[in-house]
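Student: Residues per chain, in single letters:
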Amino acid sequence: MRSGPSAFNRISVCLGLGFLYAPIVLLVVYSFNASRLVTVWGGFSIRWYAAVLEDSQILDAIWVTLRVGLISATVATGLGILAAVALARSGKFRGRTLFSAMIYAPLAMPEVILGLSLLLLFVAMGIPRGFWTVTLSHATVTLCYATVVIQARLARFDISLEEAARDLGCPPLSAFLKVTLPNIAPAVAAAWMLAFTLSLDDLVIASFTSGPGATTLPMRLYSQIRLGVNPEINAVSTLLIAVVSAGVVAAGLIQRRRLKSA
Amino acid sequence: MVSCIDWPVSSAGATPLVRFEDVSKRFGALTAVDGVNLEIAPGEFFALLGPSGCGKTTLMRLLAGFAEPDEGRILLNGEDIAGLPPHRRPSSMMFQTYALFPHLNVEKNISFGLKQRGWNKDRASARVEEMLRVVRLEGLNLRRPDQLSGGQKQRVALARALAVQPKILLLDEPLAALDRKLREETQLELKAIQRTLGVTFLIVTHDQDEAMVVSDRIAVMNEGKIAQIGAPHEVYEQPASRFVAEFLGEANLFPDGAHWHLVRPEKMTLSATATPGGMAGEVMEIAYFGDRTRYVVKRPHGQVLRISRVNLGPPLSLEVGDAVWASFAPDSAVTLAS
Amino acid sequence: MKRSWPAGAAPFAWLLVFFALPFFLVAKLSLSHAVLAIPPYAPRLDLSRGAAGLIGFVRELNFATYTRLAADRLYLLAYLSSLKFAAIGTAILLAIGYPMAYGMSRYGAFARQTLLIAVIVPFWTSFLIRIYAWIAILNPTGLLNQVLAAFHLGPLNLLNSQTAVIIGLVYAYLPFMVLPIYAVLDRQDESLIEAAQDLGCTPTQAFWRVTFPLSWPGVAAGALLCFIPMVGEFVIPDLLGGSDTLMLGRTLWTEFFADRDWPAACAVAVVLLGTLAVPIALFQRQQAKVLS
Ligand SMILES: Nc1ncnc2c1ncn2[C@@H]1O[C@H](COP(=O)(O)OP(=O)(O)O)[C@@H](O)[C@H]1O
Ligand SMILES: [Mg+2]
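Residue numbers (our numbering), protein chains in the order written: chain A, 499 to 760; chain B, 268 to 605; chain C, 4 to 295.
Next up, chain A with everything else stripped away, as it sits in the complex (with noise of 0.2 Å):
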């Protein structure tokens, strides 16, 4: 048994989780501010949704962003699962440590490095830069955080479940889909969330390898942002932030249901 609580535990969680949200809150609560002056609350007004909704440049950024994260994290998904395959299936084999240095690397590498490198790639290869170079670019960073979360999953994975179906008449590739792969679903389900967020979320890497008529929303964000704050961003942000924690929470009870239920 896990001992309660104490007090100091309890200040604690909550401070923390207080910082956590007070400016999220407070952003929240100033998009609906029917004042144009951000800190100054002028009554309660939705006009700055409307204004969102009116704004095509928004709109596009909206839209890129999001065709952006569905290619890019269905592919980063796809790749993740060979590579959490290759690394936890196959042992020692040639290259092993540059392959999980290339998976680990870019989980903790400064942004503006890897931007700035997928950039000189392109350049390089005589790409035009846009909406394919940044999807290209995301996914390649995304991978190895689709890669980390399916592999954690597959690690835990008794690998007599799939020597089961073998026996019983699946070829290798076939038993991996028939009984692997509806047994990490879920799994691979968070691998793809993630992906798509963090898609959503990039500024850096986007800004680098982004071209004309490819702007996504941060970087649309990020230059209003430059010029000053603005009630409109804070509907556009309360609007990314409820879709986002939406995704979360019904993921989390999902999970914490089964939880209850085991």
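Quick caveat, the hints were computed from the structure, so don't treat them as lab data.
Glycine included, C-beta positions come from ideal geometry on N, C-alpha and C.
Check each hint, because a few of them may be wrong.
[As the list claims (entries may be wrong)] Selected chain B positions facing chain A (in silico; Cβ < 7 Å): (1) A331; (2) F333; (3) S359; (4) T364; (5) A366; (6) F368; (7) P369; (8) F379; (9) G380; (10) Q383; (11) R384; (12) L449.
[What the hints assert, rightly or not] Calculated lysine-lysine pairs in the BS3-like style (CA-CA distance at most 27 Å, straight line): (13) K434/B x K382/B; (14) K676/A x K448/B; (15) K388/B x K676/A.
[What the hints assert, rightly or not] Distance windows between CB atoms, simulated: (16) L679/A x L19/C: 20 to 28 Å; (17) V747/A x L19/C: 35 to 43 Å; (18) R212/C x F506/A: 12 to 20 Å; (19) E451/B x P680/A: 30 to 38 Å.
Once you've looked at the hints, dock chains B and C with the ligands against the given chain A.
Tutor: Chains B and C with the ligands in isolation, oriented as in the chain A frame:
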């Protein structure tokens, strides 16, 4: 590499279903299976018995196709099965952890292999029902593995492996996870199922009682090598080596030049009074088992004897520390090759 | 056992092309010099001239960019202040994050799961937006000063200061510190604490003699996971720091976008990478150990 074998590798007469010829398997510097020769006849219940880590699972996985031998051949019905992948081998395996697919219910677990073999729905579901009857789990079709008890999981795993009508069923420590009472019941049931269906069973176990109860023949393994093959009473009564003698049950060993004489505890008698030819000693321990009583006796020069006495009449009135005399009939001693 | 290796071939090739190869380009470019052209650097490798092209190309590479940067005090200051910000940030994060993670791990299973979600949600929420939220708070007319004014204090001019950068770093990276520490504490066997108390420890002593030493892997993971990207952070110093807040990530960005001095940007990247190579290698070893 030819090992010298002084017991019959095959069961008399029948052409073997499985034949291992000088099979070796190495993992790096470790030789997990070392020059194994053995034959399993069709319809036989064959046990691989040996201490943990002696290579039993590895030997079974070589037969199932999850590993290839480094040396030697494995023949099935006289044909070399080298290179045949697991999904094309006519054996099926019941895994030590059962390996039930958590995302499929009982019915779908059992019909998994049938679907793979292209059985149509009606035929497959008839077979599923039949298998559920065999393992006495009728009506549990729609349960998920996590809603089953340990014993039920074990039965579903058995049903799944049997459903595909394997030429040989491989069982890796199938009962190790069950508690003792259930394990003993299931041993008898396994034997009954095997006899009814006539399928060849190869069971791996480290429990000598289990091997003796269920199997027609036992191969005793030690450090990757076969130590002896024979019927349960043969390996118990006429062990080929000191290892076999001590691994299967308890052994009293008496040195005689280059040889050892083995006397099993139940073949020794104990007396509270001096007997001619009896070995004097002191009672160290008395354990009462209901049907029998077990005595540990220490001789003056230090040798410890184990003596088992069936409780037919009143118990001997002995206490720890009493002087006793142990003896055995000369024809109950077996001479072991050194 | 070798059979699964072809599965890795596609991602392996992908990472070689999109991750490893670009680093060589960065290293190569840091040895070139800036020119007014598109792309704005020279020399360019001209393989149509064969081996002569290659030799001519290699001859023109030099360390001039590095010597130029080394001679400029601003770059040295940026380098040192990046390390300083990251170190201070990591220290504060440990002081806040550890008690928080430990507190979370004391709750029952259901509450723990809820708290975990609560920490993860901001971690998934846009980084940029969370930093933006602080601008509104730290503004001279912002909420912080409104609150202070209500108590007849202030005003504090925090926006565009080093304090604001530290606040931003701590705020943005708090989940990265809490989650690895919590993961280790959550897995810890409660009976170890009971055993320690049984052997005569008070709860506080049991914490310091058992819980805390056992949580080191989480602390190390959290500290590395925060320190490494903080050294190269761009968004936080750019939005919350003043024009005098020098950090390498920001320097690199300015060289690249404002000055179009690609070789200088690349040289900064190489220096940054060289500085972070050891912590990154430590982090990798730790991750590989946890996962296998
Ligand atoms: N895939 C493997 N790689 C390396 N060593 C192995 C592998 N499989 C088994 N071994 C080793 O081979 C020996 C025999 O193992 P095993 O056949 O599982 O024994 P048993 O089933 O009799 O307990 C053990 O020492 C084990 O550690
Ligand atoms: Mg075994």
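Student: Taking each numbered hint in turn, which are not upheld by the structure, reported in ascending numerical order?
Tutor: 12, 14
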